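Asker: The whole structure should be built from the sequences, with the hints applied where relevant.
For the record, the sequence lines run as chains Z and L.
So for the first sequence, my numbering puts the first residue at -19; every next one is plus one.
So for the second sequence, my numbering puts the first residue at -19; every next one is plus one.
What the hints contain is simulated information worked out from the structure, not anything from laboratory work.
Some clues are possibly wrong.
Identical copies look the same in the list; a pair holds intra-copy or inter-copy alike.
[Said to hold, decoys possible] Straight-line C-alpha distance at most 20 Å; calculated SDA-like pairs for lysine to any residue:
hint, residue 1, residue 2
1, K39, R15
2, K39, A23
3, K39, D11
4, K39, E14
Since the structure is predicted, the reported quantities are computational estimates derived from the model, not experimental observations.
Protein chains: 2
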Amino acid sequence: MTPSAQTTQPRRSDATRAAILRAARERFAADGYERATIRAIAADAQIDPSMVMRYYGSKEGLFAAAAEFDLRLPDLTSVPPGRLGEVLVRHFLARWEGDETLVALLRAASTNPGAAERMRGIFADQLTAAVATFGSDPALTARRAGLVASQILGLAFTRYIVRLPPMVDTSPEELVAWVAPTLQRYLTGTPPS
Amino acid sequence: MTPSAQTTQPRRSDATRAAILRAARERFAADGYERATIRAIAADAQIDPSMVMRYYGSKEGLFAAAAEFDLRLPDLTSVPPGRLGEVLVRHFLARWEGDETLVALLRAASTNPGAAERMRGIFADQLTAAVATFGSDPALTARRAGLVASQILGLAFTRYIVRLPPMVDTSPEELVAWVAPTLQRYLTGTPPS
DNA sequence: AGTGTTTGCCAACAACTGTTGGCAACGGGC
DNA sequence: GCCCGTTGCCAACAGTTGTTGGCAAACACT
Chain Z
-19 MTPSAQTTQP
-9 RRSDATRAAI
1 LRAARERFAA
11 DGYERATIRA
21 IAADAQIDPS
31 MVMRYYGSKE
41 GLFAAAAEFD
51 LRLPDLTSVP
61 PGRLGEVLVR
71 HFLARWEGDE
81 TLVALLRAAS
91 TNPGAAERMR
101 GIFADQLTAA
111 VATFGSDPAL
121 TARRAGLVAS
131 QILGLAFTRY
141 IVRLPPMVDT
151 SPEELVAWVA
161 PTLQRYLTGT
171 PPS
Chain L
-19 MTPSAQTTQP
-9 RRSDATRAAI
1 LRAARERFAA
11 DGYERATIRA
21 IAADAQIDPS
31 MVMRYYGSKE
41 GLFAAAAEFD
51 LRLPDLTSVP
61 PGRLGEVLVR
71 HFLARWEGDE
81 TLVALLRAAS
91 TNPGAAERMR
101 GIFADQLTAA
111 VATFGSDPAL
121 TARRAGLVAS
131 QILGLAFTRY
141 IVRLPPMVDT
151 SPEELVAWVA
161 PTLQRYLTGT
171 PPS
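Answerer: Below is the structure:
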């Protein structure tokens, strides 16, 4: 949404914009959409609440900007077909241990229709597209992607949102070992009768 | 929480209490904790908002009453060991297609710490207890239960909350067929090295 | 220097939130 | 009949929310 064309020199307010975005992601991730107030976000960013409105228009606009997210899925065609599940779990775990945007999106998606829509878009577009790259029956692609999403999001939900003790205490590598075969079967397994 | 002892005749207000609880579950399930306002719940139940306070003390008290939930897990010792996964998925799907309490709890758990705590309790207590019934290594029981919870809650999250199209469109029976082997492995599979 | 734009803060708004106290109507027990 | 607890509604409170308009300082450019 930055209206910069070509070699527009950076605006002086870009730092403020970035600070707001960073604070917004933190708050949305920690509190969800409705409990994360503009005032609290502005306080974290050490600016006035009205600046948030000027730069992002509304709370929804701020969230839309803060929840911009790319799964950065690797090219699955260059992965040995038998290790697809393993690669995917490992990627997802790494992806959101290091970036709270997806946690923010996950929390907000439970109560905010716009966030749910965004989540649907991310998984329907990016994940389904990645699954589609290694051929197989196109009619099944969406379903396979959906099943993968269910396990991946369930993992995130129990580990980062609800914080179920056994899911929090287990190391990423052990989680990968347990969950990889599941994704592998959802991706390449033969469908039930 | 009903203070009735022995043969206390039913109070005249029991109908109102029940109406409030029913409306509360609906609203919490549809909107989450913070967007479900007491005023809206009272309107649905066709009574005054102040009645909600009188009968349930506070919004938190109302939620605590509305989110009372029993998984009603069947006795797993009488299930053929090879069909544990199948029985579990089928049970869970049936359990919350017919009762919106768990959807309410799921939505609220994303933003409300109390709801998350309640969710942790339900799965840590009821599910772990059920998993523990068929022996095996006690040290692994919690982890197995956690993994099962991750797939079960991921299924519910994608189907009822985010409403991912492929997960909504797939029939319960087909979901059972896909997901049962996953739970089966989490429950009885050999742990990774 | 002088002008116009950008960046920021302050104060306030209207709406909505959970929550409270008082008061009328109704009920059963004596 | 009378009386007391229950059930219900109304009006209002205090606080918080997203959002807005105006005004001062800082800046960029001639």
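Asker: Now tell me if each hint is right for this structure.
Answerer: Comparing the hints with the structure gives:
no. : hint        : result
1   : K39 <-> R15 : both (12 Å within a copy, 15 Å between copies)
2   : K39 <-> A23 : within (15 Å within a copy, 28 Å between copies)
3   : K39 <-> D11 : both (14 Å within a copy, 18 Å between copies)
4   : K39 <-> E14 : both (10 Å within a copy, 16 Å between copies)
Checked against the numbered hints above, the structure violates none of them.
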